[in-house]
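2 protein chains.
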Amino acid sequence: MSYTDLSYTDFQAEIAKVNDILCVVNLLAWDARTMMPPGGVDSRGQQVATLTSLARELATGDAMRRAIDAASSALASAPADDIRRRALVQAAGEIDILRRIPAALIAESAELKTRAHVAWAEARQANDFAGYVPVLDRMLAIQREISGAIGYAEHPYDALIGIYEPGMTRSQLQTLFGTLKAALVPLIEKARSVPQPRTDFLTRNYPVDRQKAFGLAMAERMGYDLQRGRLDDTVHPFEISFTRNDVRITSRFRETWLPAGFFALWHEAGHGMYEQGVAPEFTRSIFATDIVNLYAVGGASFGIHESQSRLWENRVGRSRKFWELHFPELKSYFPEQLADVSALEFWRSVNQVRPDFIRVEADELTYDLHIILRAEIEAALMAGEVKVKDLPALWAEKMQTYLGLTVPNDTLGVLQDVHWSHGYVGSFPTYTLGNIMSSQFFATARKVPHIAAGLESGNYQPLKTWLNDNIHSYGRSSKPSETLQRVTGSPLRTEPYIQDLTDKVASLIA
Amino acid sequence: MSYTDLSYTDFQAEIAKVNDILCVVNLLAWDARTMMPPGGVDSRGQQVATLTSLARELATGDAMRRAIDAASSALASAPADDIRRRALVQAAGEIDILRRIPAALIAESAELKTRAHVAWAEARQANDFAGYVPVLDRMLAIQREISGAIGYAEHPYDALIGIYEPGMTRSQLQTLFGTLKAALVPLIEKARSVPQPRTDFLTRNYPVDRQKAFGLAMAERMGYDLQRGRLDDTVHPFEISFTRNDVRITSRFRETWLPAGFFALWHEAGHGMYEQGVAPEFTRSIFATDIVNLYAVGGASFGIHESQSRLWENRVGRSRKFWELHFPELKSYFPEQLADVSALEFWRSVNQVRPDFIRVEADELTYDLHIILRAEIEAALMAGEVKVKDLPALWAEKMQTYLGLTVPNDTLGVLQDVHWSHGYVGSFPTYTLGNIMSSQFFATARKVPHIAAGLESGNYQPLKTWLNDNIHSYGRSSKPSETLQRVTGSPLRTEPYIQDLTDKVASLIA
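As you go down the protein sequences, you meet chains A and B in turn.
Using my numbering, the letters of the first sequence map in sequence onto residues 18 to 527.
Using my numbering, the letters of the second sequence map in sequence onto residues 18 to 527.
Because the hints were derived from the structure by calculation, they are not lab data.
Take these hints with a grain of salt, some might be off.
Identical copies carry no separate label here, and so any pair may be met within one copy or between two of them.
To be verified - SDA-like cross-link-like pairs, simulated, lysine to any residue; straight-line CA separation at most 25 Å:
id, residue 1, residue 2
1, K348, R227
2, K229, L248
3, K338, H467
4, K130, T300
Note that this is a predicted model, so its numbers are computed, not measured.
Next comes chain A alone, as it looks inside the complex:
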């Protein structure tokens, strides 16, 4: 073994330790949300804090710095496309950002998160925004300080977006969002201009175990591997991984609301397939470790991750062809409940367009307007252009403009999301970025003849393998913009997404 190899091995061993700890933090989070008895909550918080601190110390400590320096020197003469060199540059860059955020700020944010969550839940329950203002005000001030500590070229929001979507800026978002708004508003009007589809059958009684069996059978058909995964129930569905070899998903099934459970399942399975598809040689490496967020994940960014979940949930799972192919199977699980329903009726029912107040219940066409509203408010907050106390009025104004709805109270308005209480500012836009990317990737994939043939026949293996080969296997070694360029031949474009939605509306109203 050469000196280069040896020093690179040292670097890998340091990163592997950090990754191990962060995978375990993920398991602590999974367990807390699925299995933990109620009494465990305080101890669990301390365990997460201790392990996260250890990961931070190891990532920003002297041993890591020495390992990176030694391996970088040894690799100085290696070719520029050497994957090891990329690993070192990426690790050094992310560690640099992490170092810039003062530990005291992180500690305050973590401490405040617990109180803010309680304050938010109480305010939401009592429709009392005023009572929530002081704690939200402080949480947002901390996020502004973090933005300042990280640094930015143009806008304080940029530093925070970059935590979740490296390379994305407020200015790019403004352009994207402008195009989207212009396209979505008339599309929604068009969809609403015709008689609305039947949805009466969606609220019949559907035993949860059968919903789960159908949902899981389809997820496996899509390519989610249960040998390296499992499904559990939670109020808020999520996906989380502890290396590519153990990638768990959750969903929420409701006995009298059929679509909720399996669409959420396929969404999370989409995330799960991404993590399961990261190249095995990237296990425990920097390419499966998000140092800035101190989070073990193989996805290139939050947006790219969301593109995979949305692709399976919406581009595949809400397509007309999908239900033409699989509605008979669903019907075999629920022969009585769906006796009077056709595949076409079912497809229409799960694509109904209906502007409403709550983001997480929004349909595919109105969803992005909820996101745009939040992103615009976040940017204004970070720039100090709006005060926390004025948020309800601003929220109401934007809901009226974008969705034509009059917000009746703050519980159905500015108090609906937990994100800000937890200090997440800048992550909302990645949901819409994911939607846009899902269509851009899907448009490229569909051009491959055997993928298109598979979609026509219900064989999703070609699509899944293509996503594995072109996106998943790269893990975090490929930046979002590089990924888009490499896979689709162009930077981020809204056209494929708008085209997909236009086609869907045309088909729905036909």
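Given the coordinates of chain A, assemble chain B onto it according to the supplied hints.
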């Protein structure tokens, strides 16, 4: 805050970090045995190794040493019974033992464990002891080296017993075991000299969910707190804790063997109540941390822990009064299956004495003879008085002497237990120590009038509270010998145990 308080707080913070990590290692183990998909096994092993190494580094590192030294100096003038002084002495003592075991030896043992487990499972399957000899030979050699590294006054086995039962020695065990053997062999003969009880109804069909409901209802009645616990299914039942606030148990229910599931459940619930009962102020302290074994646990020793599980399983759960009181409730879960069975018949059936080859299936009277056999062999192995290849013959000889059985093959003999493959030498005796202690504690508890009244009426709250107050709450702050002396007024004594077994046999054959 004084300097003394400050420096002690530093020490506590260092220990709390180690405890947090070890609690998390316990969660990793629990998850691996209950929830983890099969693909996760290798990654999980790496995560456990990384966290265990970190715990070891923190425990034996400079920051810990400085914290102990500073706090010890500051406390030099404190009274000798100061609990903080005891904490410092205990931490320093355990860290000293941990330091003596060379890291290379621990690493080799951990690495060998994986291979040894496979070799053992294959050998057991194929009844091929010869094929298992080389790996077992090396594993036992490592344990001898560890014994040498720890050091001992009289016998190499002492150093290993002391890991699990501080203060216990081979010489004390010889005396205890001599007394036990002399009492057990004739008791077993006596129990076997009369017609054996009915057991036909135990193998009827008992749906597992009802077994579980009954078992759990009784465990809650005993005092196991499901707000800070949960029950899952595993092949090998166990209890494990992540602080007193999250103490989980598992059991194994079989549809056609009624007693297996709930007796194991109550056994584990007995362990669980111990952990749930450790004083809240000892959470994350040295008194909830076994530094030598790098194991988060609140119990004073393996033996004291086992005394609690055996007390609930056998002293309470297998008592005649228990089934007089609760058989009607069991019958309400299984009215058809138990229609022709009386409480007395049921009690007799779950106390049947029957010498057999397998330890984990042994009844209360023969169980200790299985342990004595193993402890004697372990001591001889550590002293180098017997060769690994000669174990089958030695095993057969002892089985003949103690239980009057001719071992038909090694799978039913020396290959039945996994312990040695995992490097556990010296832990078997703690099972019998637990049995002995369970009676010693129970004899004392029964003298308290309201405890005795509770046992007569099925109110176990007084017994559980007494165990909380006298044993559990102390955590690891009270050594096993101190605990026995304080609670029962005497050192370890076999008389109460032998008396309990004698009374039981008398009642069984009456």
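Evaluated hints:
1. K348 <-> R227: within (11 Å within a copy, 33 Å between copies)
2. K229 <-> L248: For K229 and L248, the Cα distance is within 25 Å both inside one copy (9 Å) and across copies (23 Å).
3. K338 <-> H467: This pair counts as within: shortest intra-copy Cα distance 16 Å, inter-copy 72 Å.
4. K130 <-> T300: between (31 Å within a copy, 23 Å between copies)
Of the hints listed earlier, there is not a single one the structure fails to meet.
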